[in-house]
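*Asks:* As a plain string of letters, each chain reads:
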Amino acid sequence: MREIVLAGDNPAEVARDLSNEFILLFDGVGGPRTASPYESAYFGFSRRLFQAPTSEINRLLRQADVSVSSDVKEPADHLSIELALRGRMMRESASCRNKCALLDLHLMAFAPMLADKCLEADRAGFYAAAADLMLGFVRALRDAFSGRSRPSTLPVGDDEIAVAPGASKPPERPPS
Amino acid sequence: MSIKDPTRRSILKSGAAMGALGLSGSSLLVSGACAASAPSSETLTGSHWGAIRMKVDDGRIVGIRPWERDSRPAPTLEGVMDLIYSPTRIKYPIVRRDFLEKGHRADPKGRGDGDFVRVSWDQALDLVVSELRCVDAAYGPGGTFAGSYGWMSPGKLHNCQSHLRRMLNLKGGFVTCTGDYSTEALEVMMPWVVGSTETDQQVTAWPVIIENTQLMVFWGADAINNNQVGWLIPDHQAYVYHERPQRDAGSGSRKRAPRLRADCVPLRPV
Numbered sequence: 001m002r003e004i005v006l007a008g009d010n011p012a013e014v015a016r017d018l019s020n021e022f023i024l025l026f027d028g029v030g031g032p033r034t035a036s037p038y039e040s041a042y043f044g045f046s047r048r049l050f051q052a053p054t055s056e057i058n059r060l061l062r063q064a065d066v067s068v069s070s071d072v073k074e075p076a077d078h079l080s081i082e083l084a085l086r087g088r089m090m091r092e093s094a095s096c097r098n099k100c101a102l103l104d105l106h107l108m109a110f111a112p113m114l115a116d117k118c119l120e121a122d123r124a125g126f127y128a129a130a131a132d133l134m135l136g137f138v139r140a141l142r143d144a145f146s147g148r149s150r151p152s153t154l155p156v157g158d159d160e161i162a163v164a165p166g167a168s169k170p171p172e173r174p175p176s
Numbered sequence: 001m002s003i004k005d006p007t008r009r010s011i012l013k014s015g016a017a018m019g020a021l022g023l024s025g026s027s028l029l030v031s032g033a034c035a036a037s038a039p040s041s042e043t044l045t046g047s048h049w050g051a052i053r054m055k056v057d058d059g060r061i062v063g064i065r066p067w068e069r070d071s072r073p074a075p076t077l078e079g080v081m082d083l084i085y086s087p088t089r090i091k092y093p094i095v096r097r098d099f100l101e102k103g104h105r106a107d108p109k110g111r112g113d114g115d116f117v118r119v120s121w122d123q124a125l126d127l128v129v130s131e132l133r134c135v136d137a138a139y140g141p142g143g144t145f146a147g148s149y150g151w152m153s154p155g156k157l158h159n160c161q162s163h164l165r166r167m168l169n170l171k172g173g174f175v176t177c178t179g180d181y182s183t184e185a186l187e188v189m190m191p192w193v194v195g196s197t198e199t200d201q202q203v204t205a206w207p208v209i210i211e212n213t214q215l216m217v218f219w220g221a222d223a224i225n226n227n228q229v230g231w232l233i234p235d236h237q238a239y240v241y242h243e244r245p246q247r248d249a250g251s252g253s254r255k256r257a258p259r260l261r262a263d264c265v266p267l268r269p270v
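Chains as they are written, first to last, in the working numbering: chain A, 1 to 176; chain B, 1 to 270.
What the hints contain is simulated information worked out from the structure, not anything from laboratory work.
Careful, some of the hints might be misleading.
[Said to hold, decoys possible] To list a few chain B residues with every Cβ distance to chain A over 10 Å, as calculated:
#, residue
1, G32
2, M81
3, Y92
4, L170
5, W219
[To be verified] Once the Cα atoms are required to be at most 30 Å apart in a straight line, the calculated DSS-like pairs of lysine-lysine come out as:
#, chain 1, residue 1, chain 2, residue 2
6, B, K55, A, K99
7, A, K73, B, K91
8, B, K55, B, K171
All C-beta atoms in this analysis are idealised placements derived from N, C-alpha and C, irrespective of residue type, glycine included.
Pulled out of the complex, with its shape left as it was, chain A reads as follows (with noise of 0.2 Å):
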């Protein structure tokens, strides 16, 4: 991701040529291409948007008190908001470790198959990359919090990027 933002001499030229990348790979421009970052898109066999996941996670965010903010026009099982929604309940007292659990269920449930078609349709390899990173993180989030066997290191902040993806299982599916 460094040497990708790091290439070219004009920030804008960057930050323009990862737009152009983002909206083919996310907005749904590129059509086959799309690696769609919301969970009901994985979910069943119609791919489409706002199935379960969309009320489930509707759910988890009525139960932390929270909703998502009026000028993000996205459903609630978007890969970010459900991150946000994770990274709140972290902060929050050791009593949601049931729900943190949950959480977890839901971004397993698509992380991994994200991650593969982002290193799959991804030209420059900058968002396969970020996806790489997501998904090392959610797994170690898991572990972490599930009191499972630890990842054997962890990413921290800007330094080089230290759990590696894996294979991807088939997703288990959270209670419905």
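Position chain B relative to chain A; hints supplied.
*Replies:* Same frame as chain A, now just chain B:
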């Protein structure tokens, strides 16, 4: 640096890198839960594929069934949900990068190669206004054509042609058109054939056709497939007549269209 024993602090710190995958994490959530959505309901609505009842749960469409008085629901009706919830539906304004950088001096060769970038709605509107002013200055009112593709979702809110003309009326001075590309030829031709345009007027009803017609030619039309979809909201009643005997089957190289009980004659005989 990497660590071998993750702590809550280290995990929180590494979370900062997640912003690269889209929305910024800090401002996504605000305190205070939204009220729970209204309980499940079923709404009667319409589509180009027929009248439908949509089940809505937690603000989401979770099921669809045809209107019970539609005797021949279109098999494609389920696709309405794909239309609404497709992962490839574009939700944000985007613009070709070369146009964003160079305006009307952008190289037209780049059109269609997917080199788009996302812009804000304000920026998108500014680009449109700027280009309209530029065309006005260079070519006058004759330089802007208020033409748009005609199909839209049923319901006048989605009439793209009306929206385009309303928007251009704010500026004034543009070229518009009469009629439409679908029926304009019919409106000229049909008065000579049947005495009316047969488009915006009452069309000849199927019982009259069956009673009086010796030979009916569908030219470049597949009545069975095409009548699944309608310009407004079809009730598919035409299928009742399609299935009545209209003509004995032919033979030789002609093919039968069983549901119409008619011959399908290839344009170029086999």
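*Asks:* Against each hint, give a clear statement of whether it holds in the structure.
*Replies:* Right, here's what the structure says about each hint:
{"no.": "1", "hint": "G32", "verdict": "violated, 6 Å"}
{"no.": "2", "hint": "M81", "verdict": "violated, 6 Å"}
{"no.": "3", "hint": "Y92", "verdict": "violated, 6 Å"}
{"no.": "4", "hint": "L170", "verdict": "holds, 26 Å"}
{"no.": "5", "hint": "W219", "verdict": "holds, 34 Å"}
{"no.": "6", "hint": "B/K55 / A/K99", "verdict": "holds, 29 Å"}
{"no.": "7", "hint": "A/K73 / B/K91", "verdict": "holds, 9 Å"}
{"no.": "8", "hint": "B/K55 / B/K171", "verdict": "violated, 42 Å"}
The earlier numbered hints that this structure contradicts are 1, 2, 3 and 8.
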